[in-house]
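Colleague: Protein chains in written order, with the numbering used here: chain A, 1 to 403; chain B, 404 to 689; chain C, 690 to 1009.
A couple of the hints might just be wrong.
[As the list claims (entries may be wrong)] Derived, one-sided and incomplete: chain A residues facing chain C with beta-carbon distance under 8 Å:
#: 1; residue: Asp87
#: 2; residue: Glu100
#: 3; residue: Gly103
#: 4; residue: Ser113
#: 5; residue: Ala121
#: 6; residue: Ala183
#: 7; residue: Gln327
#: 8; residue: Lys373
[To be verified] Derived lysine-lysine pairs resembling DSS-like cross-links, with alpha carbons at most 25 Å apart:
#: 9; chain 1: C; residue 1: Lys1002; chain 2: A; residue 2: Lys101
#: 10; chain 1: A; residue 1: Lys127; chain 2: C; residue 2: Lys885
#: 11; chain 1: A; residue 1: Lys257; chain 2: A; residue 2: Lys269
#: 12; chain 1: B; residue 1: Lys521; chain 2: A; residue 2: Lys56
Quick caveat, the hints were computed from the structure, so don't treat them as lab data.
All C-beta atoms in this analysis are idealised placements derived from N, C-alpha and C, irrespective of residue type, glycine included.
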Amino acid sequence: MKTNRREFVKAGLVGGIGIGLGFPAFLRRAYAAEPIKIGLPAALSGGYAQYGVQAKRACELYAKEVKARGGILGRPLEFIYEDTAGDPATAVRKAQKLVEKDGVKFLTGVALSSEALAVSAKCPEWKVIFMSTINGAGALTAKSWNRYFFRVNTSGPMGARAVSLYLIESPMKKFFALGSDYAWGRDSVGSFDKLITSAGKEIVGKDYPPVGTKDFASYVTKVRQSGAQGCYLALPGQDATIFFKQAYQFGLTREVKPIMEIVELENIKAVGDAMVGTIGGSRYPFTLDTPRNREFVKRFHETYNMYPDMFDGETYEGVDWLAQVIQKVGGDDVEKVIEAWEDSPYEGLEGSFFMRKCDHQAVQPGFVVEAVKDPKYPHPIPKIVATYPGDKVTPKCRTEDFA
Amino acid sequence: MSILIEQLLNAAALSALLFLVSVGLSLVFGILRVVNFAHGVFYMLGAYFSFTAVALSGRFWLSLVAVPVVVGLFGALLESSTLRFIYRRPPIYQLLLTFGIALILEEGVRLVYGPTAKPMDPPAALQGAISVAGITYPRYRLFLIGLGIVVALGIWLLLKRTRAGLVIRAVAQNSEMADCLGADVQRVRTLVFGFACALAGLGGVAAAPMTSAYLGMGISVIVDAFVVVVVGGLGSIGGSMAGSLIVGAAQTWGGFYFSETAMVIMYAVMGAILIFRPQGLFGEEE
Amino acid sequence: MTGARRSVALATLLLVVAALPWVLARYQLSILTELFIFGLLALSLDLIMGYTGMVSFGHAAYFGLGAYGSALLLINFAVPVPVALLGGALLAGVVAVPVGYISTRATGIYFAMLTLAFAQLLYTIAFKWRDLTGGSDGIAGVPKTSLWWNGPSLASPTAYYYLVAVCLVLALGLCRGLVRSPFGRALQAIRENERKFAVLGQDPRRFKLAVFVIAAVFAGLAGALFAPFRGFASPEVMFWVLSGQALMMVIVGGIGTLVGPIVGAMAFLLIQEVLSSYTEAWMIFTGAIFVLMVIFLPGGLVGAFLTWMEGRKSLARGGA
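In isolation and in its complexed conformation, chain A is listed as follows (with noise of 0.2 Å):
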């Protein structure tokens, strides 16, 4: 009797598989010309939220310009969203969902470099371009490249690079360096130190807080007793907030010179004044004085009621570029984007852009910058102090190192 229930609890299970996973299709409208489709799957809950958020707000935005333009080519420019929640086997899932339900044939949005890695080792099998417009991972247009993969944004050793050609013109000879204690924060001290030593400077410390450390008394002790001028930080997020609170109770933020690898406005908004004087690289400053820039920024605003923050200018851009060179094909044609895209250039809200052929790596300015006060703002503001032009930042081709 036991064999003939599971038979028909299987039985039943299957059917109500296939309903179950049929019926949003019937929910969906249709549509009069067929629309051109990209899949976000993005970080949306969890941890790294913040991240995903961007990329959605930058797309909403977008998508909206793009309708009042009466789409892209004659058709509607569709964006559909998925929530990761910041888990790299989620993020497949929903991508090859992305890409086998819903047809997608580009994606973006994608908030972790573990999760893109991920991602983009499946794209030569779905055939669909991966736009990254956030993730910093060195190893994307280096050792895992592919060449669905197309990097937009500045990525972490073009950071790096940026932050470390600023502090050897300064005055300070000595750093500790504190990155969390995963691939990004070791990746992004590993360059820094490669970098700052080659020019002659000393590194007097290097330490990796667990990834979710909520107490860095300890380390806040070591940076004072190194006799370091400057502290390099490789934080996310979160961590950032935290150790930039605490730090500031201490006072070391005023003995030691804060320098961060990205200063995120989220971070500026947390932690606010006790962040003031923070130095370190942005891959999109809101505060670029550029006509196109402030027309953004402007348009942002009125929409969000608050300023870009660096993934939502990295992802609108992506999304721009993109837009314009399906225009430019004619169609959604994946083997012809890429072809039309590699050695082609951009006009960005950061400046010039240029998309290598060799790793689908974006050639742009680097930026360094410093959290400022600045009492037409609500918080305090990165200006730019530094700017350098793309080929000074970028790494050689396909590597993760510089000439």
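Based on the hints, put chains B and C in the right spot on chain A.
Modeller: Then chains B and C, alone, in the frame of chain A:
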């Protein structure tokens, strides 16, 4: 020398925070024989509610007193509406129930407050650093140490010197007998659970100015709290204190000297204690 | 039910499973394959939870070990998939021996805490040992190779589905055989009353260790199937969150029924998949469903179903 003093104070502040969180967990196990997976989430609720309270009223001291009460009431409500139905079942069900509750509450906070961290500053009186024993040390951490000591004393007094404490201890030792002797066992359970949640909430309120309120703070603290409670012994207040001191010291000095392997050391310590003295340093044999 | 009818029912069931690739779309088949993989994980957990009464919070660690084992073999040596499966499952089993030996010295909640501690330890090692495991980035680009050297490729979704289905069915058969054997009865006796079992002259720890390792091997097999399927292995597959989800699958499906956890895995993942497309609050609904089941349906879906069938049977017979 100054490093030593600074590290000692660092360890003490961390231990105080750990104690606030783990003593509730230990109490709930000792008296209700339930491992509350959602304990960390009440800690997070304390931090977030405090953020709201301070944003609305601008008064930290008020929220220090009021928020734990709110969190405690909320916990008591949860206990009486879900947990009380499954006390007679095998312990795994209570574990899973609290796990499910933790999931729901964590998501609820995310939906209401959003995914980004909520920053908080210490109240004006506790800002900055003062000179103590030759070093400059943050006032707020010294306050934490003091708070931990006060709470520890308070709980000890409550359990050992008051009538209510007597009833609680009786229920812990033998709930059926206590029931026969007239104690309202279910009410004791609800009260203790609520009290433990209030303590976790207090931990959250105390931690927020240092770490800011963020999602996932419940999960990261519960792992530490479990280690403390296992090391010290489930159900023992003195054990929680000892455990907090040990884990706080291990994290502080381990973080200083071997930050790469600090986590591993912590788990090794926990594993070793579980093997050689599975009931923890002060716990009772199962 | 007679032996003949039972065989017919079984054959029909297997035919249904075999015919599905022709009925389902490519994406749906992928989802089903993944459900089967997690069903295998939940099944392995039920061995120790449902039959021996040992609650493990660290079971995902063996899933993870299996995944890393097969990923490394496939990426570095391009072995046929079954070899990678063997490698992954063996790795999980080998690690489970010392962990199990130490953990089974404790019981109840302390056992659970120990399994959690060990799982966290393994997770930390996977996270930190970048040279071997790729650290937090994990190992990407794991290929689905072939059935044997120079044999048919397993790259197509249909082929891989069959591989997974075969593994699941075999595992289920083996586990059923195990719990019906004298070994299995000993396990249940241990769950009922461990002290009595010990008094009768046998060493419960040896049995507990044995079943712990067997469960780890099956979990490792599931992980080894997962890595080429998703194309990567990362520390998250060892994280306690997955262990917690596996526990939920077992409970939702029906603890102690073997089939239940498979059903539970499928139900659990399906609910997540469908809900997350509709609402951002899907995790709250999943949690709420789970909590309600724990309170009102402790036997899980299959348990409740079986009870209902028993009730109908006794009614048909004219009352208990």
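Colleague: Against this structure, judge whether each hint is valid.
Modeller: The hints, checked one at a time:
1. Asp87: Interface hint status for Asp87 of chain A: holds (5 Å vs cutoff 8 Å).
2. Glu100: holds, 4 Å
3. Gly103: This interface hint is violated because 10 Å lies over the 8 Å limit.
4. Ser113: holds, 6 Å
5. Ala121: holds, 4 Å
6. Ala183: holds, 5 Å
7. Gln327: violated, 29 Å
8. Lys373: Nearest chain C Cβ about 35 Å off; hint violated.
9. C:Lys1002 / A:Lys101: Violated, at roughly 43 Å.
10. A:Lys127 / C:Lys885: violated, 62 Å
11. A:Lys257 / A:Lys269: Distance of about 19 Å is within 25 Å: holds.
12. B:Lys521 / A:Lys56: Satisfied, since the Cα-Cα distance of roughly 21 Å is no more than 25 Å.
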